[in-house]
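With the hints as extra help, turn the sequences into a complete structure.
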Amino acid sequence: MRSGLKSVVLLSALVSGAALADGAKVSVQAEVVFASTKAGDVEPALKHMQETLAAKVRYLTLKRLSTQKLELEAKPTSLTLPNQRVAELKLEALKAGVATVHVKIPPSDSSSNLGREKSLYLQAGPHDGGDLWLVLSQPK
Amino acid sequence: MKNPARDKFLPMLSPYVDGELSPEERQQVEQHLSNNKESAGQVADFRAGDGLMRHALEMQGDDVDWKKFTEDVMARVTPEKLPFFERMTLTLSELFTYQRGPMVAGLVGAAAAVAIVVPLSLKLAAGVPEGYAAPRVEVQTVAVEESSTARPVVMETDNGDAVIWIVEDQGPDGGKKKKKHSGEESEEELKMEAPAPTKAGDL
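Chains as they are written, first to last, in the working numbering: chain P, 1 to 140; chain E, 1 to 203.
There could be a bad hint or two in this list.
With a Cα cut of at most 25 Å, we get these calculated SDA-like pairs of lysine to any residue [said to hold, decoys possible]:
1. P:Lys69 to E:Glu130
2. P:Lys95 to E:Ala133
3. P:Lys69 to E:Gln140
4. P:Lys140 to E:Pro129
5. P:Lys140 to E:Ser121
6. P:Lys25 to E:Ser121
7. P:Lys95 to E:Gln140
8. P:Lys56 to E:Ala133
9. P:Lys25 to E:Val167
10. P:Lys63 to E:Gly160
11. P:Lys95 to E:Leu122
12. P:Lys56 to E:Ala143
13. P:Lys47 to E:Thr157
14. P:Lys140 to E:Pro135
15. P:Lys63 to E:Thr157
16. P:Lys63 to E:Asn159
17. P:Lys140 to E:Thr157
18. P:Lys25 to E:Val128
Just so you know, these hints were derived from the structure itself, not from any lab.
Structural data, given as structure tokens:
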């Protein structure tokens, strides 16, 4: 009886793991933003980002370089940034409707749970006298 | 004594009571009745007789069970039930013919309701896409390569966003490169770990 229960639990775990590996996907909007403390323009859509980052740095220039919708799955998705760094994103887990994504931007890597209509700002290294930021959020 | 006027109007009295005369004849008869009491009395008798007759017929009518009569008539009128499709077609045809206004108003109302409800339902159903059930972003772990002199700083904001900074560590404990963020540390604690970079590009 007990071995039967273990088999069921093991099978369930394997099936759920296989489900993530095989078919689970989560859409994210990935924006690459150039930020600089030099005087310039801040795109209206990036005002919120400016205020969020102002806790550390008051950026006076924020410019969106690219926006794309990515379908993250267990297999990593690569994203080449303008500073030649390559960001790797993958879906690490999907539990109870909450996606955990793993993002590797050398020299760092992180795992984060995505939030409804919230953004994850990842600093992606220096670029052109400023900083590059990778912003992950729920697709609009 | 013979009255020639009464002889003339006598055949017209019964039609007068029954309302079968023309307006001109009716006027002539009424003028005659005002001058001839005998004819007026006869008209009164006719009316009384009519009233009695009507009353008697009504009483007879009440005694009769008309239900069977109705069923018999309907059985002859509709000998067999039409197929469903034909009945619906006929019903719709009659509705559009005789109740066009209310029907059009009803259809317009239904279309408006569908136009409002369906997009709203779709929007609600699509409101939380897969993977975004959490109310805020939570950073689970952050690490940097051993060979790097940078270290991560995590900031989770009040409104649910999260920021991961990579800060060049200039301090003597630069060997502590890896940081595990449990997600339960407060923003203040996390801020304490970060130097205060002030220039873009120095982070």
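Hints and how they fare:
no. : hint                 : result
1   : P:Lys69 to E:Glu130  : holds (14 Å)
2   : P:Lys95 to E:Ala133  : holds (9 Å)
3   : P:Lys69 to E:Gln140  : holds (23 Å)
4   : P:Lys140 to E:Pro129 : holds (10 Å)
5   : P:Lys140 to E:Ser121 : holds (18 Å)
6   : P:Lys25 to E:Ser121  : holds (24 Å)
7   : P:Lys95 to E:Gln140  : holds (14 Å)
8   : P:Lys56 to E:Ala133  : violated (29 Å)
9   : P:Lys25 to E:Val167  : violated (32 Å)
10  : P:Lys63 to E:Gly160  : holds (23 Å)
11  : P:Lys95 to E:Leu122  : holds (24 Å)
12  : P:Lys56 to E:Ala143  : holds (20 Å)
13  : P:Lys47 to E:Thr157  : holds (15 Å)
14  : P:Lys140 to E:Pro135 : holds (16 Å)
15  : P:Lys63 to E:Thr157  : holds (22 Å)
16  : P:Lys63 to E:Asn159  : holds (23 Å)
17  : P:Lys140 to E:Thr157 : holds (21 Å)
18  : P:Lys25 to E:Val128  : holds (14 Å)
Checked against the numbered hints above, the structure breaks hints 8 and 9 and satisfies the rest.
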